[in-house]
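Asker: So the chains spell out like this:
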Amino acid sequence: MAEAHAPTAHAQHAPQGFIRKYIFSLDHKVIGKQYYFLALFSVFVGLLLSILMRWHLVWPDAHIPLLDKLSPVGAPGGLMTPEYYLSLMTMHGTIMIFFVLTTAPQSGFGNYFLPIQIGAEDMAFPRLNMLSFWVTLAALLTLLSSFFVSDGPPLAGWTAYPPLSAVGSVSGPGEGLGQDLWVISIALFCVGALLGALNFIATTLELRTRGMKLMRLPLTCWAWFITAIVGLLSFAVLFAAGVLLLLDRVGGTSFFVPAGLIVSDKILSNHSGGSPLLYQHLFWFFGHPEVYIAILPGMGITSHILSCFSRKPIFGYRAMTYSLMAIGFLSFTVWGHHMFVSGMSPYTAFAFSVMTMAIGVPSAIKTFNWLGTLWGGRLRLTTAMLFSIGFVSLFVSGGLSGLFLAQPPVDVNLHATYFVVGHFHLVMGVAAIFAMFGGTFYWFPKMFGRMMNETLGKIHFWLTFVGVYAIFMPMHYLGVEGNVRRYSTFIDDFMQPLLPVHKFMSIWAFIVGGAQLIFIFNLFWSMFKGEKAGINPWESTSLEWTVPSPPPHDNFAGKIPVVYHGPYEYGVPGAEKDYIMQDSPEVVAESH
Amino acid sequence: MASTVLTPPKHRAPSKSDSIGGNGHGWDGDGFGGGRGEPSPAGRPIPLHAYRMGMYMALAAILMVFAAFTSALVVRRGISNDWVPTALPGLLYLNTVILLASSATLELSRRALTAGRGEAFAQWLYATLVLGLAFIGGQLLAWRELVARGVYLSTNPSSSFFYLLTSAHGIHLLGGIGGLIYLVLRARRIVSAAKQRTIVEIAALYWHFMDGLWIYLLLLLTVRS
Ligand code: HEM
Ligand SMILES: [Cu+2]
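Just so you know, the protein sequences line up as chains A and B, in that order.
Residue numbers for the first sequence follow numbering that gives the first Met the number 0, beginning at 0 and rising by one.
Residue numbers for the second sequence follow numbering that gives the first Met the number 0, beginning at 0 and rising by one.
A portion of the hints provided could be inaccurate.
[Stated by the list, open to error] Simulated restraints, written as ranges between beta carbons of each label pair: (1) A:ILE510 - B:GLY211: 54 to 60 Å; (2) B:ALA133 - A:LEU65: 58 to 64 Å; (3) B:SER70 - A:VAL262: 26 to 32 Å; (4) B:VAL146 - A:MET324: 45 to 51 Å.
[To be verified] Interface residues of chain A toward chain B, partial, derived using beta-carbon atoms under 8 Å: (5) VAL169; (6) LEU197; (7) ALA201; (8) LEU232; (9) ALA239; (10) VAL249; (11) GLY251; (12) SER271; (13) LEU281.
[Claimed, not checked] Every beta carbon over 10 Å from chain A, so not counted as near; a handful from chain B, in silico: (14) MET56; (15) LEU62; (16) VAL74; (17) GLY115; (18) GLN122; (19) TYR125; (20) LEU163; (21) LEU204.
Hints listed in this document are in silico derivations from the structure and should not be mistaken for laboratory results.
We treat Cβ as the ideally placed atom computed from N, Cα and C, and that holds for glycine.
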C-alpha cells in the first residue's frame, strides 16, 4: 500500500514504460481492456468448439482436419469419439459462461466505464483490481491447459455434477487431471470475481462525485452495482461447492459421492453416504444468479444505448432501477427450477415454480420500458442501436420459453432436451453477446479514439441476428420432439428423422461463425484506420462523453466533474440542445 | 423528464462548502477524495470509508462461503446414516480462550492508539500477534491429537467437516495475522499519522469477525442434532 505519489490534487503521473502501462497496469481503463480482450479471445475459442460440435453432430463420420493433432486420443484420425464431443461441449459451456458472459459485460465494460460514469478517477482499490484480472487470467489458462493433458478436458458439462465429476478417471476420459484442472480453474475464477465484486460495490457507493446521487446513476452503473452484489453472494457459494468437490476427488471424502456406486462395471468402495443432490443445490444456488450476472450488465448497457439513440429519456428510470433490484433479489429464490426432475417434493417444486414466474414480472417491466423508450422516439439506427434492439428481441424470444420450463410438469418432459439449449442460448447466451456488441460499437470511440465502420457493423449485425434465430429457434422444436441434449450423434434412433433440422442449424452456425470475422476485422481495422472520434460522437449525456477520447490517465485531468442532471435528459423541452450533459449547469424551467 | 433538472449551485468549481445532494457518507455523491486517505495511482486520495466498505463486502463474501459449508453440513448430517460424531479435542476450548483474549488485546491496542499512547498501541499489537499465532499452533496440536486417535479427513463425514471448517477458518486467520504483521511493521507511521488509523480499524474488524466466526463454528461442530 506504500505509495510514492504525493496526495496533491493534480499529481497524476501516468506510469511510464510498456510493462507498467499495459501489462501490470493499475489503471481501471487498461484493466477493463484486458478483461475485454480476455473475453474476446475466449469467445472465439468457445465459438470454434461449437462449430466443431455442430460439424460432428450432422456429419458424424467426418474427419475434422487438425483435430487429431490436438487430441490423438479424443479424435483419432480427426474423428471425434463420443467422449471427446462431451469434452468439447464442457469446455464450450464453461468458457462461454465464465470467461465470456461473466467477464466482458461486467469486468470489461464495467471496469472501464463505471469510474468514469460516476466521476471517479479510478476504482476504489486499484491493486485489488489488477489482482482480480490476473487471477482470472490464471483461471483461464488453467482451464485451457486441460486440452493438453493426456486424457483431455473434462466431460461432465459446465455444471460438473457428481458423481460423474467426483470419482476420477474411472468415469471417463478427462475425468482425471482434466476435471481437477476444471475445479481449480473455477475456484480461481470465483476468487477473481469476488475481489472484483467488492471493488465494484465500494466504488459505486463511495466514489461518486458530488451531485451524483444514486438516482442520477446511469442504468449501466446500476446494473454493474446490482450484478456485483449478486456475484458477491453467489460466487462465494460456488467456491464452497468447488472446495467440497475437490476434496471428494482428491481427499477421499464423501460429501457428494454415495455408497456402492457402480461405475464402468466397477464398484467404488472408497466412498459412502454422500449426496449428489447436495451439490446440485449448492451449484444452482450459484447457477441461477449466475445467469443474471450474465444478463444484468447487458440490460444496463441496452437501456443506456436505447435511450441515447431514441433521443428520449429512458421510460421509467425508477422502475428500471427497482426492477434490477427485484431481479437481483429474486434470483436467489428460484434455483430449484433446475432440479424439477431431481425427485423434489411437488410442493417444493410448486414454490420454485411460482418464484420463477414472479421473476418474470420485473423482467417484463424492463421489456415494456424498453419498448416505451423506443416508442415515438427519433430513432438513430446505428449499429449499437441495432444490437440493442436485437438484445430486446432475443431476451423476449428466449424469455417466453422460460415460462414453459418454469412449469414442473412441462419441464419434466423438456428437461435435458434441446428445448433448454435453445432457451438459454437465446435469453442469456446470445442476448448478452448482443449487449457486448452493442457496448463495443457504442464505446469503441471512447476506448480507442476512433469510430468503427458502420457498414461492416450492419452487415455483421444482420447476418448474426438472422443467423442466431436460425440456429436456436429450431432447437425448441427439436426439444419438443424429444431430442435430448449432450449427445454426440443422432443417427440411429427415433431422432434420425430430425437430422435435416440439425443440418439447417449447423449450416447457419457456420455462417454465423464466419460472420464474426467481419466483426474482428472491423474491430482491429478501426483501431488503426477508423475515422477519428470526437469527444461525444453520439451526443450522449453521461460523464464519459465529457472527456477526450480516449480519456487521460486519471480520466478528468484533475478537474473532477460535478453532476447536476439525471443520466437520460434527451429531448428536454426548452433546453438548448436535444440533450443535456449530466455535468451541464444548464437550468431548464419545469414544464408543468 | 424536465422535472429532474435541479437548480445548480451558484458557482461551478467544486469547493468543500457547496453541497448539492452530498451527505458526506458517500450515499448521495460526496465528491471523490476530499483529502482523506491514501492517493490512488491516478493521484487523488481514496476516501478511507471506502476501505471500510471494502472490508464489509469481503466479510459478506466470507460469510457466504461459511454459510454454504454450514448448509452442506446440516444436509449431509441429516440425510445419511453414516454420520458418527467425532469427539472434539479438549484443546479447542483452550484455543478459543486464546482467540478471545487476542480480540481483547487488539481492542486495548486500538484504544491506546485513540488515546495517543503509541508505545502501548504497539505492545498490545504484539500481544495480539503472539496470541493469534498461539491459536494457530493450538489448532495444529488439536489436529495432531485427532490424527493420533486415527481420525483423518476421510474417516467419517463428521471428521471431514471438522478438518474442512478448522482449516478454512485457519487460512482466513492467517490472512489476519498477515494484516497484523503489516500493522506492526508500520506501527510508527500509524501513530504519527492520524489518517492511517482506519487501517487499524479495518484490521480489527476482520480479526473480531474471525473470532466470532470461530465461536460459531465451534458451536456448529459441538451441537448435535
Ligand atoms: C453460434 C454460437 C453458438 C453455437 C452454434 C452453440 C452451440 C452449442 C452446442 C451444439 C451445444 C451442445 C448441446 C448439447 O450437446 O447438449 C452447446 C452447449 C452450450 N452452450 Fe453454446 N453455442 C453457441 C454460443 C454460446 C454462447 C454465446 C453461450 C453463452 C452462454 C453458450 C453456452 C452454452 C452452454 C452453457 C452449453 C451447455 C454446455 C453443457 O451442457 O454443459 N453457447 N452450444
Ligand atoms: Cu435458473
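Asker: Checking each numbered hint in turn, tell me which of them this model violates, lowest number first.
Answerer: 5, 10, 14, 15, 16, 20
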